[in-house]
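Peer 1: Take the two lone chains and join them into the complex the hints point to.
Now for the letters of each chain:
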Amino acid sequence: MSVPQRSTGKALWGLAVLGLAGVVATYPVAGPARFWANWLLWFLFMLTIAMGSLFIVALEHLVGSRWSVPLRRIPERLSTLLLPAVPMALVALGALPVLYPGTRPEAAHDPVLAGKAFWLSTPFVSTRMVLCLALWLVGVAVLTGGSLRQDRTRDPGFNVNARRFAPAFLAIFALTLTLVAFDWISALEPKWYSDIFGVYLFAGTFLAALAATAASVVYLKDRGRLEGVRPAHLYNLGAYLFAFTVFWSYIAFAQYLLMWYGDMPEEIFWYKERLAGPWLGVALLLGVVHFLIPFLALIPRDAKGDTRRLCWVAVLMLAAHAMDLYWLIFPVLGRTPLLSWPEASFAVFFVSGGLLWVRAAMERGEDMPAGDPFLSEGLEFRL
Amino acid sequence: MSQHMFGVVGLFESADGLMAAIPKVREAGLGKVEAYTPYPVHGLDKALGQRRSPLGGMVMIMGVLGALTAFLFQWWISGIDYPIVTGGKAPTSWQAFVPIMFEVTVLFATFTAGLGMLFFLNKLPFFGHPLLHAKAIAAITRDRFGLAIESEGGAFDVAAAVRTLESAGARPIEVISVPSFSGPITAKYLERSLLGIAIACAVSGYATYWAVKLFPVLPPTSHMLVQPRLDPQKPSAFFKDGHGMQLPVPGTVARGYLPLGLASQEEAATLVNPLAVTQKVLEEGRQAYMNHCVVCHGPLANGVPTLSSAYGAKPANLQAKQFREYPDGKIYWAIVMGKNAMPSYAADLSEEERWAVIHYLRALQRAQNAKPGDVDGGQPGAGSRGRTKGSAP
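First to last, the protein sequences are chains A and B. Residues in the first sequence are numbered from 43 upward in steps of one, following the working numbering. Residues in the second sequence are numbered from 7 upward in steps of one, following the working numbering.
Next up, chain B with everything else stripped away, as it sits in the complex (with noise of 0.2 angstroms):
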C-alpha cells in the first residue's frame, strides 16, 4: 500500500515553549505550520498567521439577503399576488412585515453561521485526519503541544523539517507517513452518497408529481367536493319531494318572536304586558314612538300628525276614552294585525317594543289627563294603573 506524506510533527512540554517556538519554525518557510494543544492557546491563531475567520461576513450577508427575502416575500403576497386589507390597514404594511423579516434574518444568519462553520470552514464530513495515526496524539490529547510543519505547500524537506523543529526545541519529533488510502467508507463517499440520495429524493418527488397529474389512473382526492350536502335551489334526492329547500317545519317560531294565536282583537284582550315600568322600558317605548307612531297620531298621542294630512285616512286620537279604557292586549293587536288604515308594525318592532310603546302611550294618555293627586305632594299610586310617581314625562 503506498504511503503519503503527511508532515513532520514535533512536541513541547509548555504552551510558552511552543509559542517561543513558532515564530522560528513559520520563518524556515518550509511548509503550512499548524498546531495541536490539547485546550484553547490565547493568541495561538494570530501567531500562526492564521486569516480572520471569514464567517463573519458570510453571516452577515446571510442575514442581509434574510431581510429581504423576508421583505419582498411578504409585499410581493400580501401586496401584488393576494392583496387583503386586514385590520383596516393597507396591503403594503411594511410595521407587519418587520417581525417576520426580523425571525428570518436570524434564520439565516444562525443556519450560516452553523452549517458554514461546520461544512465550510471544518470542512465536514472529515474523518480520519492523519494526526490520529501518528504517536504523538496520545500524548498531544493529554498534556503536550504539538506543533506540525505539513507538506502541503512551501518547500517541503523532511530532513530540513525535522531539524527545525528540533532547534526549536521539539523533543521529540515525529515523521507523519498515512496509507493514501484508508478504507471503503471515505468522507468523499460519505458525500456522494448523500448528494445521491438526495438528488434521487427530488426527482423521484417531482416524477410521482407530475406523473400522478398527467396521468391520473387514481382519481385525486376530492372529499370536500363530494359532500352529502343541500345547495339552495337545487334538487335533492334527500327527501322525498326532490327539493333541497323544504318548508319549516308547522308551529316553527321565529326567533325572537312569539306567536300570536289569536284570531281577534277581542280575544287578545287578555294579554298582559309582560314589561314593568321603568325609566328604562319608557325611553325605549318613547324611542319606538317616535320612530314610527308620531307621524300619524302626533306626540300627544290625539291623532294631530306631525306629518299634514295629506294621507287621506284620519288617524285615530288615542286620548279619546275609548282608547284609554282599552286593555294593552287589544293595543298591543292593534300593533301587530294593523287596524283600518294602519298598517301592521310586527316587522318594525321587536316583541318588547311593541309592550314598550304601549307602556309609553299609557303615560302620555295619562299626562293628558292627569288628576291632582299625580303631582309632587300628591297621593303616591294615585294611578290607575299602579304606575309610581314621576314615571310620567
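Next up, chain A with everything else stripped away, as it sits in the complex (with noise of 0.2 angstroms):
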C-alpha cells in the first residue's frame, strides 16, 4: 500500500463521517418522507449494482463465455455489496408507511387499491423481502464464494457446479428483480402499473454493475494489477457498455411510447407527473445523460477498448444510474426536485461508504480467478 492510497482512505473516512452526521440530521430537520425517499434510493442503488454484478457473474457460468474469465473477480468483488444491502435492504422497510400508499389504513377505502391491499400490506412486503434477500445471499454464497474457495482449493469442480446453479439463479434473479421494481418503486404509486417495468430496472441495473466493473477494472490496470488484461478484453465490456445503453433507452422509450399511444388515466398520470414542469428538465437530461452521451462516446470502434474514455462513461452512467433511481422515486415529494443538504449527505455518503468497501472488496482473493480451469484460455482472446 502506497501512501496517497492510505490518504484516499483517510478521506474517504472523512467524507463518509460527514455524510453520516448530514443522514442522521435529516430524519429529524427534513422529515421522515424526505429521509426515506433518500434512503430508497441509495438502498436501491447499492442493490442493483450488487444484483446486477452477481447476474454478470451467472450469465458467464451460464453461456461458458472464456474472454471474461480473468475479468471475472471485479463482478464477483462487486456482488459483495450484497452484504451490507441487506443490513439497508431491512432498515428500509421502516419506509413502507410512510411513502407507500397502499399501506396505508385509508387504503382500504380506495375500490382499486382495495384490491390489491394484502399484496401491499406491510407484512406481505416484508416477508417477500426477507425471502429475496435470502436468496440473494445463497447466490453470492455460491458463485463468489466458491469462486474465492477455489482460489486455494484449484477444484475445476467449481466451475461443473456453478454452471449448473447459474441457470436457477437467473430465473430467480429475473423474478425477484422484477419485485424489486413493483415492491419498491412502482408501489410508491400502487395504481400504476407497468408490465415492462421490471425489464426497465433490469436495464438500469445490468449497465449499472457494467459500468461499475469497467471503472473497477481500470482503475486496478492502472495500478499495475490486472496483468495480461487485453485492450481486447475492455473493449468487450465497452461493447457491452454500448449494446445496454442501447437497451435501457428502446425499453424506456417502449414503455412511454405504449402509455402516451394510450393516454388512458390510470397510466399516463405516471408520466404526467414526471413529465411536467422541472421535472421535464431531469427526464430530458436524463435523455442524454444515460443514452446520448455514452451512445456517441462509445460508438467508434477505438473508444471502446481506450481506457481513458471508459472509464469517464462508466463514471457517468454510474450518476445516470442514480439519478433514473431520482426520477422514479422523488417525483412522490412533490412537483419540485428536491435537491438540498439531504440529497448531497446521503449521496457523499453512500458513495464514499460504498467505495471504502469495494477497495476493501478488490483486496479479497486473487484478482483474477486463479484456480478456473479456463483462465489461461481467456487470457489468450483476443478480438
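Calculated directly from the structure, the hints in this document are not laboratory data. The reader is advised that the hints may include incorrect statements.
Straight-line Cα separation of at most 25 angstroms, SDA-like style, residue types lysine to any residue; simulated pairs [claimed, not checked]: (1) B:Lys95 - A:Arg343; (2) A:Lys314 - B:Lys320; (3) B:Lys129 - A:Lys233; (4) B:Lys30 - B:Glu180; (5) B:Lys52 - A:Pro342; (6) B:Lys52 - A:Gly347; (7) B:Lys52 - A:Arg351; (8) A:Lys52 - A:Trp383; (9) B:Lys95 - A:Gly199; (10) A:Lys314 - B:Val259; (11) B:Lys52 - A:Ile293; (12) A:Lys52 - A:Arg401; (13) B:Lys52 - A:Asp237; (14) B:Lys52 - B:Thr75; (15) B:Lys95 - A:Tyr235; (16) B:Lys95 - A:Met301; (17) B:Lys52 - A:Asp348; (18) A:Lys314 - B:Ala96; (19) B:Lys95 - A:Asp237; (20) A:Lys263 - A:Trp383; (21) B:Lys52 - A:Thr349; (22) B:Lys95 - A:Ile293; (23) B:Lys52 - A:Arg343; (24) B:Lys95 - A:Tyr303; (25) B:Lys95 - A:Leu326; (26) B:Lys52 - A:Leu425; (27) B:Lys320 - B:Ala282; (28) B:Lys52 - A:Ala281; (29) A:Lys314 - B:Lys95; (30) A:Lys233 - B:Gly94; (31) A:Lys314 - B:Pro105; (32) B:Lys194 - B:Ser183; (33) B:Lys95 - A:Arg265.
Peer 2: Laid out in C-alpha cells, this is it:
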C-alpha cells in the first residue's frame, strides 16, 4: 500500500462520517418522507450494482464465455455489496408506512387499492423481501464464495457446480428483480402499473453493474494489477456498455410510447407527474446522460478499448443510474425536484461508504480467478 | 497476347516470418505491399500500414441521414400533406415517429455497411485476381504466407523487388505477369450490362406510364367506379318502378320495437307486462318517469305537475281508483298511442322502458294507498300484484 492510497482511504472515511451526520440530521430536520426517499434511492443503487454484478457472473457461467474469465473476479467482488445492502433493506422496510399508500389504512376505501391490499400490506411485502434477500445471499455464497474458495483448492468441480447453479439463479434473479421494481418503486404509486417496468429496472441494473465493473477494471489496471488483461477485454466490456445503453433507452422509450399512445388515465398520470415542470428537465437530462452521451462516446471502434474514455463513460453511467432512480422515486414527494443538503449528504455518505467497501473488497482473493481452468484460455482472448 | 506486369510474390513458412519481413519490404518503397494469407493474421493490417476503413464513417453518416429522412418524411406526410388527428394526438407528434426513425436508421446503416463493403471497398464484382494465375496461390490457400510487391504506384522494378523479397527471407519468389485481356465476360462488361438493364427498365417503365396516361388506347381499370349499386335519391333500372330507394316490405318491424297490432285501448287490456319486478327495473322505470312523466303527472302521479299548469290541459290523476284498476296493457297503450292531450311517447321510451315505467307507477300507486300489511312486520306478499316486500320506494 502506497501512501497516497492510504490518504485516499482516510479522506473517504472523513467524507463518510460527514455524510452520516447529514443523513442522521435529515430525519428530524427535513422530515421522514424525504429521509426514506433518499434512503430508498441509495439502497436500490447499492442493491442493483450488487445484483447486476451477480448477474454478470451467473451469465458467464451459464453461457460458458471464456473472454470474461480474467475479469470475473471484479463483478464477484462487487457482488459483495449485497452484504451491506441486506441491513439497508431491513432498515428500508421502515419506509413502508411512510411512503407507500398501499400500506395505509385509508387504502381500504379505495376500490383499486382494496383489491391489492393483501399484496401491498406491510407483512407480505416484508416477507417477500426477506425471502428475496435470503435467495440472493445464497447466490453470493455459491458464485462468489465458491470462486474465492477455488483460489485455494484449484478444484475445477466449482465450474461444473456453478454452471448447474447459474440457470436456476438467473430464473430467480429475473423474478426477484421484478419484485424489487414492483415492490420498491412501482408501489410508491400503486395505482400505476407497467408490465415492462421490471425489464426497465433490469436494464439499469445490468448497465450500472457493467459500469462499476469497467471502472474497477480500469482502476486496477492503472495500479499495475490485472496483468494480462488486454485492450480486447476492455473492448468487449465497452461493447457491452454500448449495447445496453441502447437497450435501456429502447425499453424506457417503449414503455413511454405505449402509455403515451394509449393515454389511459390510470397509466398516463405517472408520466404526467414526471414530465411536468422541472421534472421534464430531469427527464430530458436523463435521456442525454443515460443514452445520448454514452452512445455517441462509445460508437467509434477504438473508443470501446480506450481506458480513459471507458472510465469516464462508466462513471457517467453510474451517475445516470442514480439519476434514473431519483427520477423514478422523488416525484412522489412533490412537483419540484428536491435537491439540497439532505440529498448531498446521502450521496456523500453512500458513495464514500460504498467506495470504502469496494476498496476493501478489491483486496479479497486474487485479482483473477487463479483456480479457474479456463483462465489461460481467457487470457489468450483476442478480437 | 500482350502481358501485363502484376508484381512479385514471395512465400513465407510462418506468419511470424511474414510479419518480420513486412517492415523491411515496405522500407524499400518499390510499390504497393500486399499480403496474402490462408487465414486472418492479427496485426497484419497495422503492419501493412493500411488506412482505417472508412466504412464506420459511411455507416454513421447514412444512419443519421436515415433518421432524418424518416423524421422529415413522416412530419411532411402527417403534419403537412395530409394531417389527420389519430387517437387525439397532434398530427406532428414526434413520439409516434420514433419507431419508424429507428427502423429507417438501421435500414440505411446496414445497407450502407453491407453494400458499401462489397461494392465500394471490396470493388465487387471482381473476377480473376491476377494472383490466381500464379503458382503460389496453391501454397497460399494451403499453409504458406505470401507477400507481394505490386506494380501499381511507387518506383516498381522487377529485379529490385525480387532482391528485396529474397533478402527478407521469402522462398520461393515468383514474378507474376498476366494476360491483359482475360476473356469476353469481364467485370467491367458485367457492370455495364447490369447498368444498361437497369436504365432500360427505368426508361421503359416511365415511358409506358406516360404513354398509357397520355394516349389511353385502353380504358383504364375502373371496376371501383362501375358498381351495380343503388344510390340514394337516384333512379335505378333494377326495380320495376325505377326508384333506387324502396319502401320497406309491409310488416317490417324496426329493431328493438315490437308491433302493437291492437286497434283500441280495450283490446290492449290483455297485454301482460313482460318484465319481472326487480330493483333494477324499478330504478329504470323511475329514471324514465322522472325524465318524461313527472312534468305533468307529478312526482306522486296524482296529477299535480312539477311544472306549474301554464299548459291548459289537466293531467290525469293516476292515483284515482279508475287508473289503479286499469290493467297494465291499457296504460301501455296510452304511452304508445297517447290519450286525450297526452301525445305518444313511443319515440321517447323503448319497449322495455315503457313496461318499467308501468311497474314504477304501480309502486307509486301502492305507496299512496298502503295497507298496514305492506310495512315491515306485516304479512309478506300482501300486495294485490304479488310484489315482494320493500320493492315500493
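Peer 1: Can the restraint linking Lys52 (chain B) and Thr349 (chain A) be considered satisfied, given a maximum Cα separation of 25 angstroms?
Peer 2: Distance of about 20 angstroms is within 25 angstroms: holds.
Peer 1: Given the hint that Lys263 (chain A) pairs with Trp383 (chain A), does the C-alpha gap stay at or below 25 angstroms?
Peer 2: The hint is violated at about 35 angstroms.
Peer 1: Quick one, are Lys52 (chain B) and Gly347 (chain A) close enough, alpha carbons at most 25 angstroms?
Peer 2: 16 angstroms, holds
Peer 1: Holds or violated: are the alpha carbons of Lys52 (chain B) and Asp237 (chain A) at most 25 angstroms from each other?
Peer 2: 49 angstroms, violated
Peer 1: Does Arg265 (chain A) sit within 25 angstroms of Lys95 (chain B), going by the straight-line distance between their CA atoms?
Peer 2: 56 angstroms, violated
Peer 1: Given the hint that Lys194 (chain B) pairs with Ser183 (chain B), test it: the Cα-Cα distance must not exceed 25 angstroms.
Peer 2: 20 angstroms, holds
Peer 1: Quick one, are Lys52 (chain B) and Pro342 (chain A) close enough, alpha carbons at most 25 angstroms?
Peer 2: OK: Lys52 (chain B) and Pro342 (chain A) at ~17 angstroms, within 25 angstroms.
Peer 1: With a cut-off of 25 angstroms on the C-alpha distance, tell me whether Lys129 (chain B) and Lys233 (chain A) pass.
Peer 2: 60 angstroms, violated
Peer 1: Would you check the hint for Lys95 (chain B) and Tyr303 (chain A), treating anything up to 25 angstroms between C-alpha atoms as holding?
Peer 2: 8 angstroms, holds
Peer 1: Would the pair Lys52 (chain B) and Arg351 (chain A) pass a check requiring their Cα atoms to be no farther apart than 25 angstroms?
Peer 2: 22 angstroms, holds
Peer 1: Just to be careful, I want the Cα atoms of Lys52 (chain B) and Ile293 (chain A) compared with a cutoff of 25 angstroms; is the pair within it?
Peer 2: 39 angstroms, violated
Peer 1: Taken at face value, is the distance from the CA of Ala281 (chain A) to the CA of Lys52 (chain B) at most 25 angstroms?
Peer 2: 22 angstroms, holds
Checked against the numbered hints above, the structure breaks hints 1, 2, 3, 9, 10, 11, 13, 14, 20, 27 and 33 and satisfies the rest.
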